[in-house]
Amino acid sequence: MSFIPGLGIVKGMALTLRRFFEPKATIRYPEVPADVSPKFRGRLQLLYDEWGTLKCETCFQCAQACPIECIDMGGIDTKGRYHVHWGPPEQYGERREESALRRSGRTVPDKAYEHFEPIDTDRVEAILEDHDHDPKRMLQILEAVQAELGWLPVAALKHISFRTGAYYALIYGTASYYRHLRLDPPGDAVQGRAFDAARPAESTYLSGLGAALEGRGAAAGGGAATAAGVSAPAVH
Amino acid sequence: MTTILRTPAGWPSIVLARAESLRAQPAMAFDDPSAALDVAVSAGAFEGLRRAVRDLGPTGTIETVAASGLRGRGGAGYPTGEKWRTAALTDAPRRYVVANGYGADPGSLTDRAMIEADPFLVVEGLAIAAIAIGATEAVVAVRASETEAVRRLEGVISAAEEAGFLGPDLLGSGHDLSVTVRPVQGAYMLGEETVLLNALEGRRGQPEQRPPHPAERGLFGMPTVVQNVQTLAAVPFIVREGAEAFTRIGARGAPGTILVQVRGAEREGVAEVPLGTPLREVVALGGEPGRGRTLKAVVVGGPSGGLLPPELLDTPYEFDALRAVGAHIGSGSVIAADDRACILDLARLLTGFCATEACGKTIPCRIGTRRLVEIADRIVDGRPRPTDLQLLADLSADIVASALCDHERLATLPLTTGMRYFRSELDDHLLRSSCPAGVCRPIAVGAGSAR
Numbered sequence: 001m002s003f004i005p006g007l008g009i010v011k012g013m014a015l016t017l018r019r020f021f022e023p024k025a026t027i028r029y030p031e032v033p034a035d036v037s038p039k040f041r042g043r044l045q046l047l048y049d050e051w052g053t054l055k056c057e058t059c060f061q062c063a064q065a066c067p068i069e070c071i072d073m074g075g076i077d078t079k080g081r082y083h084v085h086w087g088p089p090e091q092y093g094e095r096r097e098e099s100a101l102r103r104s105g106r107t108v109p110d111k112a113y114e115h116f117e118p119i120d121t122d123r124v125e126a127i128l129e130d131h132d133h134d135p136k137r138m139l140q141i142l143e144a145v146q147a148e149l150g151w152l153p154v155a156a157l158k159h160i161s162f163r164t165g166a167y168y169a170l171i172y173g174t175a176s177y178y179r180h181l182r183l184d185p186p187g188d189a190v191q192g193r194a195f196d197a198a199r200p201a202e203s204t205y206l207s208g209l210g211a212a213l214e215g216r217g218a219a220a221g222g223g224a225a226t227a228a229g230v231s232a233p234a235v236h
Numbered sequence: 001m002t003t004i005l006r007t008p009a010g011w012p013s014i015v016l017a018r019a020e021s022l023r024a025q026p027a028m029a030f031d032d033p034s035a036a037l038d039v040a041v042s043a044g045a046f047e048g049l050r051r052a053v054r055d056l057g058p059t060g061t062i063e064t065v066a067a068s069g070l071r072g073r074g075g076a077g078y079p080t081g082e083k084w085r086t087a088a089l090t091d092a093p094r095r096y097v098v099a100n101g102y103g104a105d106p107g108s109l110t111d112r113a114m115i116e117a118d119p120f121l122v123v124e125g126l127a128i129a130a131i132a133i134g135a136t137e138a139v140v141a142v143r144a145s146e147t148e149a150v151r152r153l154e155g156v157i158s159a160a161e162e163a164g165f166l167g168p169d170l171l172g173s174g175h176d177l178s179v180t181v182r183p184v185q186g187a188y189m190l191g192e193e194t195v196l197l198n199a200l201e202g203r204r205g206q207p208e209q210r211p212p213h214p215a216e217r218g219l220f221g222m223p224t225v226v227q228n229v230q231t232l233a234a235v236p237f238i239v240r241e242g243a244e245a246f247t248r249i250g251a252r253g254a255p256g257t258i259l260v261q262v263r264g265a266e267r268e269g270v271a272e273v274p275l276g277t278p279l280r281e282v283v284a285l286g287g288e289p290g291r292g293r294t295l296k297a298v299v300v301g302g303p304s305g306g307l308l309p310p311e312l313l314d315t316p317y318e319f320d321a322l323r324a325v326g327a328h329i330g331s332g333s334v335i336a337a338d339d340r341a342c343i344l345d346l347a348r349l350l351t352g353f354c355a356t357e358a359c360g361k362t363i364p365c366r367i368g369t370r371r372l373v374e375i376a377d378r379i380v381d382g383r384p385r386p387t388d389l390q391l392l393a394d395l396s397a398d399i400v401a402s403a404l405c406d407h408e409r410l411a412t413l414p415l416t417t418g419m420r421y422f423r424s425e426l427d428d429h430l431l432r433s434s435c436p437a438g439v440c441r442p443i444a445v446g447a448g449s450a451r
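These protein sequence lines map, in sequence, to chains A and B.
Note that our numbering numbers the first sequence so that position 137 is 137, with each residue one more than the last.
Note that our numbering numbers the second sequence so that position 418 is 418, with each residue one more than the last.
Treat the hints with care, since some could be wrong.
[What the hints assert, rightly or not] Covered stretches of chain B (chain A as the covering partner; in silico rule of three or more C-beta atoms under 8 Å from a C-beta of chain A):
1. 183 to 191
2. 350 to 363
[Said to hold, decoys possible] Label-pair restraints from in silico Cβ distances:
3. A/Asp-49 - B/Arg-267: 29 to 37 Å
4. B/Ile-367 - A/Ser-203: 53 to 61 Å
5. B/Asp-398 - A/Thr-26: 42 to 50 Å
6. B/Arg-94 - A/Arg-43: 29 to 37 Å
7. B/Pro-79 - A/Asp-130: 40 to 48 Å
These aren't lab readings, by the way, just hints derived from the structure by calculation.
Just so it is clear, CB atoms sit at the ideal spot from N, CA and C, and this is done for glycine as well.
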C-alpha cells in the first residue's frame, strides 16, 4: 500500500461528515417508549409476597421453557438457608450437572428442598392446641415443635403461621434468632456444620478467656471469636 | 453449685445473709419444697412481704424502697424506687413484674448463685414488688441450662402458693399474684431488659428504643418492672429493717451490697461485696498473683468490661465511680490478669465475643464492632495500617454515639480502655512489632507499614 500523507485524517473526517448529515438516533425515552421485542419480560427476579416468603414455587417450568437456557436457580443462599437465588450456578456454588438435571424436568433429590417437604401437620396441630394457638407463646410453640420434629421445617413454620395468625416473617425471625432453634435437619452434613459452628460462642469465649489469661493467646484456646459466628459458613 | 467466696469479717451481708445457715439444713436439697419453705420461714423468709402487706401498703413500700436509694443490680444502676413509682402511676389494665435471672455473661454466675443460695428471697422480693406496683402476674426468667436453679424456683413458688404467700388473695391482702418461671436460652442479648421482654413475648430478641421505658410500656404493652434477681433479693431487707438500715451499708450514692464474680490467680467464685469497696479489696478476694507475677490489668464488667490498670485499684467498686474510669459493674465480674496476658489479645477476645453476640438491630453495632475486631486482629497479627489507631478511636466514638442499648454502648470499652491505659503496650505492637507478653506473633516489618 502506497503511503499518501494525510489520507488517514481525510478518511476519518469523511466518516464524520457523513454521520453529521444522517438522521439522529436519539430516543426521547420517557416520552417516547422504547421499541423492544414483544416477548421481552424485563429483568428476571424472584418476588416476595406480603408474608415475606417467595412467590416462586421453584417448579423450574420457566427454566424448562427458556429456549436459550438462560434461566437457572439454586436453592441455598450464602447463609445455608432455604431462600432461592437466581443467577448462574457458579454464583451459589451448585454443580452444573445438578442444575442441568433439574432443567430436564425430572425430579431431583436435593438437600436444599428438604425444608419444603410436607410434614405431618397433626403433630404440630396437637402442640398448637396445647398452647391455645396463642402467638404470644411463639417461643414455647417453636421449642415444642422442635422437640417433636427435631428441627423446624418451612412447612411447620408455615402451618404455625396459618393457624396462629402471626406473620410468617415474624415467626421466621424468632426461629432464626435463638441459637437453640434449628432450621436445618440434624443429620445434614453441610448445613449441620454451619449450625454447630455458630453454637459454641459461649464455650469458645470461656476457653479463649482462660487461654488469654495464661498467655497462650485467645486464638489458641478453641479458635478466635471471629471464626465462630461472624464468618459465613461454607456451602459445598 | 457455685462457689461462694468467704469475705472479710467486717463486711455486711444482705442477700446472702442466711444462705450459709440454710445450706446446712438437709431440707434445702429441695426434695420436698414445702419442708424447705418451712425451714426458710422459720429463718425469717416472707417476713418482709408480711410487713409490706400489713404495715406499709403499696405506696408506703414504694416510698421505703425509694428512700433506701436501692439501685438496679443488673449493671445500669437505675434507681429502683423511681422505676416502681413510674409503673404504679402509669394507668393500665394490668401490670407485670419480671425478675431477670438470665445472667448473660457466661463467665459470671452471680444470678445463678443468688437463685440457688436463697430462692426464697428472690420470690419474696418479687411478691413485694408486685404488691407495690399492683401487678397480678410475675415472671422469673432463668437460663434454661441451669436446671438446678429452675427446679428450686419452681419448688419455692409451688410451696409458697400452697402456704398462701403467693396466689389468689395472698396473706389476706386481697391481692392476686401468679408467678411463673420461664427458662429462656439461645442468645447473650437476653440479659438486656427490652430483649428479654421481646423473648417473653415470643419475638426476636432485639432491644427497643427507649423512652418509653418498660416501666411505662413493657411486656405486652403494659407497665412492667424488670429487675435483676439481686435487686429483688435486697428488697425484703429494706422493707423489714427500714430504709435507714440499708443506706448505712455501702457507698453514698449506691447503698447496699452486690454479688461479684471474682476470678483471681488462686480462687474463683461469687462474693457479696458492699458497694463502694475499693477495687483492690475485691480483687484480693481472688488471691495474689502467682510467684514472680505481677498484676497487669483488671477486667471489670464482663465481656464488655473495661480493662483497668493497677494504678486505678483504689477506685470504689460502685456504679458511678467505675463509669467515670471507663469500666462498669456489668455482669458483676472482676477478672484479674497477670503479666502473662497480652492486653490486646484480651481486648480482642472480649470485643470479638460482643461482636459475635450483637443482635443486628443497629448497624453501627453489627458492623462496627466487627470492624473493631478486624482492626485488633491486624494489630495482633503484626500488620497494622498507619490509620488503624485513629480509625479505632473514631469508630468507637461513632458506635457509642449511635447506641440503642447498653450492649452497643459498652462493647467498645475493652479496646478503648486498653488504648487509654495501656498505650505503651499498644505502641510496642504498632511501632516495634513486639508483644511484651510474648503472646502475639507479630511479623517483623517496619513501623506501621501495611501488608
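Quick rundown of the hints versus the structure:
1. With a threshold of 8 Å between beta carbons, the proposed coverage of the region 183 to 191 of chain B by chain A holds, since 5 of its residues qualify and at least three are required.
2. Under a criterion of three residues with beta carbons nearer than 8 Å to beta carbons of chain A, the stated coverage of the region 350 to 363 of chain B is upheld, 6 such residues being counted.
3. For A/Asp-49 and B/Arg-267, the Cβ-Cβ distance of about 59 Å falls outside the hinted range of 29 to 37 Å, so the restraint is violated.
4. Between B/Ile-367 and A/Ser-203 the beta carbon distance is about 25 Å. The supplied range of 53 to 61 Å is therefore violated.
5. Roughly 46 Å separates the CB atoms of B/Asp-398 and A/Thr-26, a value that falls within the hinted 42 to 50 Å.
6. Hint check: B/Arg-94 to A/Arg-43, Cβ distance near 52 Å, so the stated range 29 to 37 Å is violated.
7. Range check, B/Pro-79 to A/Asp-130: Cβ separation about 41 Å, and the 40 to 48 Å hint holds.
In summary, the structure is inconsistent with hints 3, 4 and 6 from the numbered list given earlier, while agreeing with the others.
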